[in-house]
Amino acid sequence: QKEVEQNSGPLSVPEGAIASLNCTYSDRVSQSFFWYRQYSGKSPELIMSIYSNGDKEDGRFTAQLNKASQYVSLLIRDSQPSDSATYLCAVKVGAGGTSYGKLTFGQGTILTVHP
Amino acid sequence: EAQVTQNPRYLITVTGKKLTVTCSQNMNHEYMSWYRQDPGLGLRQIYYSMNVEVTDKGDVPEGYKVSRKEKRNFPLILESPSPNQTSLYFCASSLVAAGELFFGEGSRLTVL
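Protein sequence lines, in the order shown, are assigned to chains A and B. Everything in the first sequence is counted per the working numbering, starting at 1 for the first residue and increasing by one. Everything in the second sequence is counted per the working numbering, starting at 1 for the first residue and increasing by one.
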């Protein structure tokens, strides 16, 4: 089982719709969770970080974390064509473990927002 | 401007010819890390450094070396490159260990 899994997509949504991106992880001691966006030919850039169960909102983006079910999701409201990119989920193991410095990425989900 | 700078951005080399990819950050970050990105495999961590003189292996360290003699620099060394090291390489840094990463622009390496 992969440590961090994402549906590679592509996920296609119409402009103005809600895009829902999901990520599951295998290590129960994981403590920190991140969503990155990567445009084609560019480097990843951080969108959201989330550390505790529940929802965290930032503009059109909402990250949701459920540690009991070991999943984290990203919702993009009012999707725009400029949101078309690959979205990467990343998970960090908590402090004190031998893998404390490791940040593991999923394979990414390709999102296409069509006008 | 806060940034992570990698050099070279593009490189074509031959099997066995030692090369170094430099990485420098100007944000006084404690943590730095190298990743490689391959189609279908995503971003995989090669090495990371929690602070000066502290480095550790990531998921795919074979064939690579790193050093962290200064806080701002974290070079990636390929002592004897092989074709399976052809990849897109990213250096990243963060204020705290494996936190919110800032990525460099990437270095595309081709080993013939």
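Since the hints were derived computationally from the structure, they do not count as laboratory data. Be aware that a few hints might be false.
To be verified - Cut-off 20 Å, straight-line C-alpha distance, at most; resulting in silico cross-link-like pairs (DMTMM-like, lysine to aspartate or glutamate): (1) A:Lys42 <-> B:Glu100; (2) B:Lys71 <-> B:Glu53; (3) A:Lys42 <-> B:Glu105; (4) B:Lys57 <-> B:Glu70.
To be verified - Far from chain A, some chain B residues (derived; all Cβ distances over 10 Å): (5) Glu1; (6) Lys17; (7) Asn26; (8) Met27; (9) Asn28; (10) Ser33; (11) Leu41; (12) Gln45; (13) Ser49; (14) Tyr64; (15) Glu70; (16) Ile77; (17) Asn84; (18) Thr86; (19) Ala97; (20) Leu101.
What the hints assert, rightly or not - Which residues of chain B face chain A? A partial, calculated answer using Cβ under 7 Å: (21) Ala2; (22) Pro39; (23) Gly42; (24) Leu43; (25) Tyr48; (26) Asp56; (27) Phe90; (28) Glu100; (29) Phe103; (30) Glu105.
Values in this document were obtained by computation on a predicted structure and should not be read as measured data. All residues carry an ideal CB built from backbone N, CA and C; glycine is no exception.
To see whether the hints hold, each was checked on the structure:
no., hint, verdict
1, A:Lys42 <-> B:Glu100, "holds (17 Å)"
2, B:Lys71 <-> B:Glu53, "holds (9 Å)"
3, A:Lys42 <-> B:Glu105, "holds (7 Å)"
4, B:Lys57 <-> B:Glu70, "holds (18 Å)"
5, Glu1, "holds (15 Å)"
6, Lys17, "holds (26 Å)"
7, Asn26, "holds (16 Å)"
8, Met27, "holds (13 Å)"
9, Asn28, "holds (18 Å)"
10, Ser33, "violated (7 Å)"
11, Leu41, "violated (7 Å)"
12, Gln45, "violated (6 Å)"
13, Ser49, "violated (8 Å)"
14, Tyr64, "holds (15 Å)"
15, Glu70, "holds (18 Å)"
16, Ile77, "holds (19 Å)"
17, Asn84, "holds (19 Å)"
18, Thr86, "holds (17 Å)"
19, Ala97, "violated (5 Å)"
20, Leu101, "violated (7 Å)"
21, Ala2, "violated (12 Å)"
22, Pro39, "violated (10 Å)"
23, Gly42, "holds (4 Å)"
24, Leu43, "holds (4 Å)"
25, Tyr48, "holds (5 Å)"
26, Asp56, "holds (6 Å)"
27, Phe90, "holds (6 Å)"
28, Glu100, "holds (5 Å)"
29, Phe103, "holds (4 Å)"
30, Glu105, "holds (6 Å)"
Violated hints for the displayed structure, listed by number in ascending order: 10, 11, 12, 13, 19, 20, 21 and 22.
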